[in-house]
Structure formats: C-alpha cells, structure tokens
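Given these sequences and hints, build the entire structure.
So the protein lines, in turn, are chains A and B. Quick note: the first sequence uses our numbering, first residue 1, plus one each step. Quick note: the second sequence uses our numbering, first residue 1, plus one each step.
Simulated from the structure, these hints should not be mistaken for lab results. Quick caveat, the model's predicted, so the values are computed rather than measured. Any given hint could turn out to be false.
Since the list gives no way to pick out one identical chain from another, each pair is judged satisfied if it fits inside one copy or across any two copies.
Unchecked claim - Once the Cα atoms are required to be at most 20 Å apart in a straight line, the calculated EDC-like pairs of lysine to aspartate or glutamate come out as: (1) Lys211 with Glu59; (2) Lys211 with Asp57; (3) Lys176 with Glu158; (4) Lys74 with Glu101; (5) Lys64 with Asp213; (6) Lys159 with Asp174; (7) Lys159 with Asp180; (8) Lys211 with Asp94; (9) Lys211 with Asp98; (10) Lys176 with Asp154; (11) Lys37 with Asp174; (12) Lys211 with Glu50; (13) Lys159 with Glu101; (14) Lys74 with Glu59; (15) Lys74 with Asp57; (16) Lys7 with Glu59; (17) Lys159 with Asp213; (18) Lys74 with Asp139; (19) Lys7 with Asp213; (20) Lys176 with Glu59; (21) Lys74 with Asp213.
2 protein chains.
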Amino acid sequence: MRTQFDKQLQTLHIELIRMGSLCEQVISLCANMLLKKENLSADINAAETEINQKERDIENLCLKLLLQQQPVAKDLRIISAALKMISDLERIGDQAADIAELAPYLADCDAPGKVHIGDMARATVGMVTRSIDAFVKSDVKMAAEVMAEDDEVDQLFEKIKLELMDLIRQNGLDAKAAMDLLMAAKYFERIGDHAVNVAEWVEYSVTGVHKNDANF
Amino acid sequence: MRTQFDKQLQTLHIELIRMGSLCEQVISLCANMLLKKENLSADINAAETEINQKERDIENLCLKLLLQQQPVAKDLRIISAALKMISDLERIGDQAADIAELAPYLADCDAPGKVHIGDMARATVGMVTRSIDAFVKSDVKMAAEVMAEDDEVDQLFEKIKLELMDLIRQNGLDAKAAMDLLMAAKYFERIGDHAVNVAEWVEYSVTGVHKNDANF
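See the structure below:
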C-alpha cells in the first residue's frame, strides 16, 4: 500500500507543479498585457481554463487517495493541505483574469506606478514557484521565505497607492485610470496573499499546525 | 452505515449553518463599523477567529466522513462541495477583517457612496444565508438566485466607483479617502463573489457539474 501511496503522492506533486507553472504563466501574461500593451486575453483565458481543470483533476486525485489509501497523520495532512492549496492556485487564475479585464482601460495610462506592477508580477511568480517547491520538498524554511517575500509585494502595493494619490492631487492622472491601476495592483497583492496561503498549508502539512489553529 | 452517514451529514449541515451565521455577523459588523463609526474591531477579530476555527472543524468532519463512510456519487460530491465552500466562507471573514482595517481611515469620510456600502452589506448577508440554505436543502433554484443577486452587488460597486471618480474630478474628496472607500467597496464585492462560489458548489453537489468543468 505504501508504495502505491508514494506513487500517487508523486503524481500529486507533478500535477501541483503543473498547476503552479500555469499560475506563474498567467501572472506573467497579465503583467505583459498591462505593461507591454499586448492583447493576451485569449492566452490568459486559455491558461485560466486549464488552471480550473487542474483544480478539479487534483481534487479528484486527492479524494481518490483519501478513499483508497485511508491516510493518517502526516499523509492525511499532505492530502488535506493539497486540497486547500489548489483553491488558492485557482484564485490566482481568477485574479489574473481580473487584471486582464482592466488592462485595455490602462493601455494609455503612463503613470509611473505602472513599473511597480512589473516588480509585483516578478515577486509573485517567484512566490508561487517556491511555495509549490516547498510543498514537494516538505521544506518549512522555504515556506517561511515565501511568507516573508509577501512583505515586498505589500510594500509595492502601498507605493503604487501613494504615487496614485499624489498624481490625483496634482491632477496628473484621470480618476478612472488611477482607480483601475489601483485595482490591478490590488489583484497582484492578492496573488501574493494566495501564495502565502499555499506556504501556510505547506507548514501545516509538515508541522501539523496551521497559523489559523486556535491553539497556535 | 447509511443512518450513520445521515447523522454526520446533519452535523455537517448544522456546522455549516453556524459558520454561515458567523459570516453574516462579521459582514454586518464591518458595515456598522464603516457606516456608524463604532469601533467593532474586537468583535470582528473574535468572529473571524471563530470562522477560521469552524473551517478547521468542518474540514476535519468532512475528512472523517470520507475516511469512515467511503461515500460515492452524490454523497461524495456533497462532502467535496462542503470542503470547497468552507474556503469561501473563511475568505469572507478575511475580507471583513480587511474592511475593518480600513474603517478608521474612513470615519470622517462623508462621501455619498458610503450609503451603497450598506446596501452591499445587506445584499451579501442575504446571499450568504441563501447559499448555505441552498446547500442544506440541495436547492439548485435557490443557488441560482444567489448567483443572480450578485449582479446587484456588482452594480453597487460600479455605482460607488463612478461616484468616487466624479468626486475626485470635482476635488470634492481627498484621494486617500476615495481609494480607501473604493477598496472597502471592492471587499464587499468580493464577499458577494464568495457567496456565488458557495452557490456554485451547491449546484455541483446536486447536478455533478461545476461551471468550471471543461465539459460544461
């Protein structure tokens, strides 16, 4: 049974890595759409659909694992953590689609804050990669690094917000563009939060304690 | 076994209704904090902590059900749907906490758009109630109503956004207050989205098809 479980666990790891890569891809796509003004809606929608399908596939795999293998202790935590992680990864796809929707309205916006969006995209892509990596390797230290990296993303959001406020006060930017850009930045900030959630589930799968636990 | 499953399913229903009530409570609390300028941070944090704990309790109940009862077909869908729904309900708690964080900065803001926040809160509370109700009753029609109600919430968000833009253009509102109010409205709009997700899981648990399914 153990070998069978290990085999299915390996499949789960591979599927999660694939889902993570799709998330990294969709984050980069929507950042490019926003910054390089390319119309990548079709690619983004295709990637998001694939992410949604991966969520269902991995969920079914986890349920199969639970029913067939009746895992306990750490094995059970790994599966329940995976079930949670895929919800966060799926949300990353949603956020990217939301950013893609805003992009056309921001094509003509040259607010300096836009450059920070690129930094947010790079940072969140790295966080997603490392959070999945941390799960596959049961690496709590790497998970903690992902949580720390989120501070940078939050700071970038605050920076964009402050710059937009100044621009508005100086009438240097139309109110709609400012609000759309703020929203886009917020979506990237949320993507970082989802990567942090994934990292928190890694911590739970290894230690058995989640930061939301009452006893934590 | 069936009776045992039905008993555990009833417990699951009761726990979900409780978690839903906590979400309704926290939505109302953060709306009151925003509109009536009461400091309800402690109550909101307490409710959010309870929501997080409920998520873990219900998750454990679902895993126990899966492992002990080995459900198939609709029974299995009900449990996997519940596992998904609790993630959305937990997020509602997070969004409410985010709104509570913004509230102090909006205490002195008298933008007319603030009244729509009250409408958004009322609408989302109703959506949460009905989405859980739809799950307990396996009522696909009620789930569809929740999805339809979200249009109203989205329209209220757009209304607030437009009003804020006008105010900014007329220099009638400080840029920071405008952005904080936009964010608060966005959080309520997201709460509506989470209620819609719950309703979509109800539909899946009954029909076996989720809107994200590739074959759908």
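Checked hints:
1. Taking CA atoms no more than 20 Å apart as the test, Lys211 paired with Glu59 passes between copies only; the shortest distance there is 15 Å, against 23 Å inside one copy.
2. For the identical chains of this complex, Lys211 and Asp57 are inter-copy neighbours only, at 14 Å across copies versus 27 Å inside a copy, given an alpha-carbon limit of 20 Å.
3. Taking CA atoms no more than 20 Å apart as the test, Lys176 paired with Glu158 passes in both settings, with 18 Å inside one copy and 11 Å between copies.
4. Neither within a single protomer nor between protomers do Lys74 and Glu101 lie at most 20 Å apart by alpha-carbon distance, with minima of 41 Å and 36 Å respectively.
5. Within a single copy, Lys64 and Asp213 get their C-alpha atoms only as close as 27 Å, which misses the 20 Å cut-off; across copies the closest is 18 Å, which meets it.
6. Proximity of Lys159 to Asp174 under the C-alpha cut-off of 20 Å is found in both arrangements, the shortest distances being 18 Å within a copy and 17 Å between copies.
7. Proximity of Lys159 and Asp180 under a CA criterion of 20 Å is satisfied in both settings, with 15 Å inside one chain copy and 14 Å between copies.
8. In the homo-oligomer, the alpha carbons of Lys211 and Asp94 lie at most 20 Å apart only across protomers (14 Å), although the nearest pairing inside one protomer, at 25 Å, exceeds that limit.
9. With identical chains, the CA atoms of Lys211 and Asp98 are at most 20 Å apart between copies only, with a shortest distance of 18 Å across copies and 29 Å within one.
10. Taking the closest pair of Cα atoms, Lys176 and Asp154 come within 20 Å of each other only across two copies (17 Å); inside a single copy the shortest separation is 22 Å, beyond that limit.
11. In this assembly of identical chains, Lys37 and Asp174 lie within 20 Å of each other by CA distance solely inside one copy; the values are 19 Å within and 30 Å between copies.
12. When the C-alpha separation of Lys211 and Glu50 is checked against a cutoff of 20 Å, the pair qualifies only between copies, where the shortest distance is 13 Å, while the shortest distance within a copy is 30 Å.
13. Taking the shortest Cα distances, Lys159 and Glu101 sit within 20 Å of each other only across copies (18 Å), while inside one copy they are farther apart (23 Å).
14. When the C-alpha separation of Lys74 and Glu59 is checked against a cutoff of 20 Å, the pair qualifies both within a copy, at 18 Å, and between copies, at 16 Å.
15. For a Cα distance limit of 20 Å, the shortest separation of Lys74 from Asp57 across copies, 18 Å, qualifies, whereas the shortest one inside one copy, 22 Å, does not.
16. In this assembly of identical chains, Lys7 and Glu59 lie within 20 Å of each other by CA distance solely inside one copy; the values are 16 Å within and 25 Å between copies.
17. With identical chains, the CA atoms of Lys159 and Asp213 are never at most 20 Å apart, being 32 Å at best within one copy and 39 Å at best between copies.
18. In this homomeric assembly, Lys74 and Asp139 come within 20 Å of each other (Cα to Cα) only inside a single copy, at 14 Å, whereas the closest approach across copies is 37 Å.
19. Taking the closest pair of Cα atoms, Lys7 and Asp213 never come within 20 Å of each other, the shortest separation being 30 Å inside a single copy and 26 Å across copies.
20. For the identical chains of this complex, Lys176 and Glu59 are neighbours neither inside a copy (40 Å) nor across copies (42 Å), given an alpha-carbon limit of 20 Å.
21. When the C-alpha separation of Lys74 and Asp213 is checked against a cutoff of 20 Å, the pair qualifies only within one copy, where the shortest distance is 16 Å, while the shortest distance between copies is 30 Å.
Of the numbered hints stated above, those contradicted by the structure are hints 4, 17, 19 and 20, listed in ascending order.
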